[in-house]
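Peer 1: Chain by chain, the residues:
There are 2 protein chains.
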Amino acid sequence: MKTPLILITNDDGADAKGIEVLTRLMCEIGDVIVMAPDGARSAQSNALTVTHPIRFKKIEEVPGLTRYSCTGTPTDCVKLALNEIVDRKPDLLVSGINHGSNAAINVIYSGTMGAVLEGCENDILSIGFSLCNHSYDADFTNFESYITQIAKLALQNGLPHGTCLNVNAPMGEIAGIRVSRQCDGKWTKEFAKRTDPQGRSYFWLTGNFENHEPDAPDTDEWALSQGYISVVPTKIDMTAYQAMDEVRGWEF
Amino acid sequence: MKTPLILITNDDGADAKGIEVLTRLMCEIGDVIVMAPDGARSAQSNALTVTHPIRFKKIEEVPGLTRYSCTGTPTDCVKLALNEIVDRKPDLLVSGINHGSNAAINVIYSGTMGAVLEGCENDILSIGFSLCNHSYDADFTNFESYITQIAKLALQNGLPHGTCLNVNAPMGEIAGIRVSRQCDGKWTKEFAKRTDPQGRSYFWLTGNFENHEPDAPDTDEWALSQGYISVVPTKIDMTAYQAMDEVRGWEF
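Taken in sequence, the protein lines are chains R and D. In terms of the working numbering, the first sequence opens at residue 1353 and continues consecutively. In terms of the working numbering, the second sequence opens at residue 1353 and continues consecutively.
FYI, nobody ran anything at the bench for these hints, they're computed from the structure. Don't take each hint at face value.
[Unchecked claim] Stretch by stretch, here's where chain R covers chain D in the computed footprint (C-beta under 8 Å, at least three residues): (1) 1451-1460; (2) 1478-1485; (3) 1548-1554; (4) 1588-1598.
[Stated by the list, open to error] Taking lysine to aspartate or glutamate pairs in the DMTMM-like style, the calculated list, with each CA pair at most 25 Å apart, reads: (5) R/K1538 <-> D/D1443; (6) D/K1541 <-> R/D1439; (7) R/K1545 <-> D/D1439; (8) R/K1409 <-> D/E1565; (9) R/K1441 <-> D/E1562; (10) D/K1541 <-> R/D1443; (11) D/K1538 <-> R/D1589; (12) D/K1441 <-> R/E1565; (13) D/K1369 <-> D/E1525; (14) R/K1504 <-> D/D1383; (15) R/K1410 <-> D/D1548; (16) R/K1504 <-> D/D1597; (17) D/K1504 <-> R/E1603; (18) D/K1541 <-> R/E1436; (19) R/K1504 <-> D/E1598; (20) R/K1354 <-> D/E1603; (21) R/K1409 <-> D/D1548; (22) D/K1410 <-> R/E1542; (23) D/K1541 <-> R/D1489; (24) R/K1409 <-> R/D1367; (25) D/K1410 <-> D/E1372; (26) R/K1538 <-> D/D1475; (27) D/K1545 <-> R/E1436; (28) R/K1441 <-> D/D1536; (29) D/K1538 <-> R/E1436; (30) R/K1538 <-> D/E1436; (31) R/K1545 <-> D/E1542; (32) D/K1538 <-> D/E1562; (33) R/K1354 <-> R/D1390; (34) R/K1410 <-> D/E1542; (35) R/K1545 <-> R/E1562; (36) R/K1441 <-> D/E1412; (37) D/K1504 <-> D/E1542; (38) D/K1441 <-> R/E1542; (39) R/K1369 <-> R/D1443; (40) R/K1541 <-> D/D1475.
Glycine residues also receive a C-beta, built at the ideal position from the N, C-alpha and C atoms.
Could you build all of it, start to finish, from the sequences and the hints given here?
Peer 2: The structure is reproduced here in structure tokens:
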């Protein structure tokens, strides 16, 4: 088998510990190209930079590994790498390791998963890895062997067209892997209101996640709560097929 | 029936023609609150503002209509309105009218649809309206009666939990409405490379949409190509259920 070409990005920035760990792991599997934002781009979802141009620069080149940083979003990074850098389609795109959970509804806000969806749109086997620990200095050690295993299994087995993986790991000891579905829930109490020295109000995003199905054992949140890694097959086709007939029944 | 409370936002900014038209139409159906970005936020997807605080201000208050502008993204606008403005859950959230298509894969990049997904997460009946015309001065006239009809039918019929609508209209004459699915395709040739006066390269996002199934008559792109409005029931649960057994079969 030819050496796999692996594209790596993230949303915590090229200097984050998570992407450093992920890069080290992937260099044992294939040839690696990193194109990551030049600083934190958390919660950038699939945002694209359209009101100003973007740039990138090479920051490291050693045998088997070339690293670039980019002024754009995670999705911009994937687009730039695919359009301007690679000479063939990568065999695998991995994004992360994110410092913080991307389980449940967080998938729609996540820059990490935005990059994964972008890879998926381009028919590249794509996986997002996240650890449920926001700390800058989070300990990824327990997650490492699982990441290598999941990446290798994905390369061996492939995924159906339009499907990618959203992989989240709990803090601490890991009990194993559970293939799960996206948990239903929402964020509440989302803003901290403060007042600036001029007496004007401003709002910081914060909030609590409200799990709407805490007892359902097939969700990603349940797996994580029990110490398992959750693996959610995720798709870019957002059509609600089961609602199509109902809407067709409206008297337009 | 109590007068419906309708929340409006968009990604082209509070001063765009599209939201002005949408606000006029919704004021004939219910009490309206507008919370829109204070400038263009195109292609912001579900991006959230997390690295700095956001603010909003009231820009108009007349009977049945209150308008605010906000320094954040479309998704921030919805979160702010729900957390800080409304005294009850809106009966309907509408986003747009976007200047430009949000059909096919554009749903994942769209700030218009980001706001709609945010409403959907909060169990609010939510609809995104887009016209396939990027022009600042786009003519929304032909679309207007359909928007009113779709909003009224949605209020009458509701939508299943976790489901919203992505409505796109063609330019020119409209042949009718087709309930469709998200077309499979991707963007190609995505960057215009230029050189600044200092000799450094920079990249503008551009590109062509490549339709992977131009002959499939059940897609949104097909409906639009035939002069129909496409209505795509869209869901926030991105789980690829049909791939779960396959991934469970991997030898973890």
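Peer 1: R/K1541 and D/D1475 were given as a pair; does the straight-line alpha-carbon distance stay at or below 25 Å?
Peer 2: holds (16 Å)
Peer 1: Take a quick look at whether R/K1538 and D/E1436 sit within 25 Å of each other, Cα to Cα.
Peer 2: holds (17 Å)
Peer 1: Examine the region 1548-1554 of chain D for residues whose CB is less than 8 Å from any CB of chain R, and state whether their number is three or more.
Peer 2: holds (count 3)
Peer 1: Apply the coverage criterion to the region 1451-1460 of chain D and chain R: a residue qualifies when its Cβ sits closer than 8 Å to a Cβ of the chain, and three qualifying residues are needed.
Peer 2: Coverage by chain R holds for the region 1451-1460 of chain D (3 residues, Cβ < 8 Å).
Peer 1: Is R/K1545 within 25 Å of D/D1439, Cα to Cα?
Peer 2: Cα-Cα ~17 Å, so holds.
Peer 1: Below or equal to 25 Å on CA atoms is what counts here, so check D/K1410 against R/E1542.
Peer 2: holds (20 Å)
Peer 1: According to a criterion of three or more residues whose C-beta lies within less than 8 Å of a C-beta of chain R, is the region 1478-1485 of chain D covered?
Peer 2: It is violated, with 0 qualifying residues against the three required.
Peer 1: For the pair we were handed, R/K1545 and D/E1542, check the Cα-Cα distance against 25 Å.
Peer 2: Between R/K1545 and D/E1542 the Cα gap is close to 40 Å, so the pair fails against 25 Å, i.e. violated.
Peer 1: Mind checking the alpha carbons of D/K1441 and R/E1565 for me, to see if they're no more than 25 Å apart?
Peer 2: Holds, because 21 Å separates the two Cα atoms, which is no more than 25 Å.
Peer 1: Under the criterion that the straight-line Cα-Cα distance not exceed 25 Å, is the pair D/K1504, R/E1603 satisfied?
Peer 2: holds (11 Å)
Peer 1: Holds or violated: D/K1541 and R/D1443, Cα atoms, limit 25 Å.
Peer 2: holds (20 Å)
Peer 1: Does R/K1410 pair with D/E1542 here, judged by a C-alpha cut-off of 25 Å?
Peer 2: Roughly 20 Å between the alpha carbons, so the hint for R/K1410 and D/E1542 holds.
In summary, the structure is inconsistent with hints 2, 8, 14, 23, 31, 33, 36 and 37 from the numbered list given earlier, while agreeing with the others.
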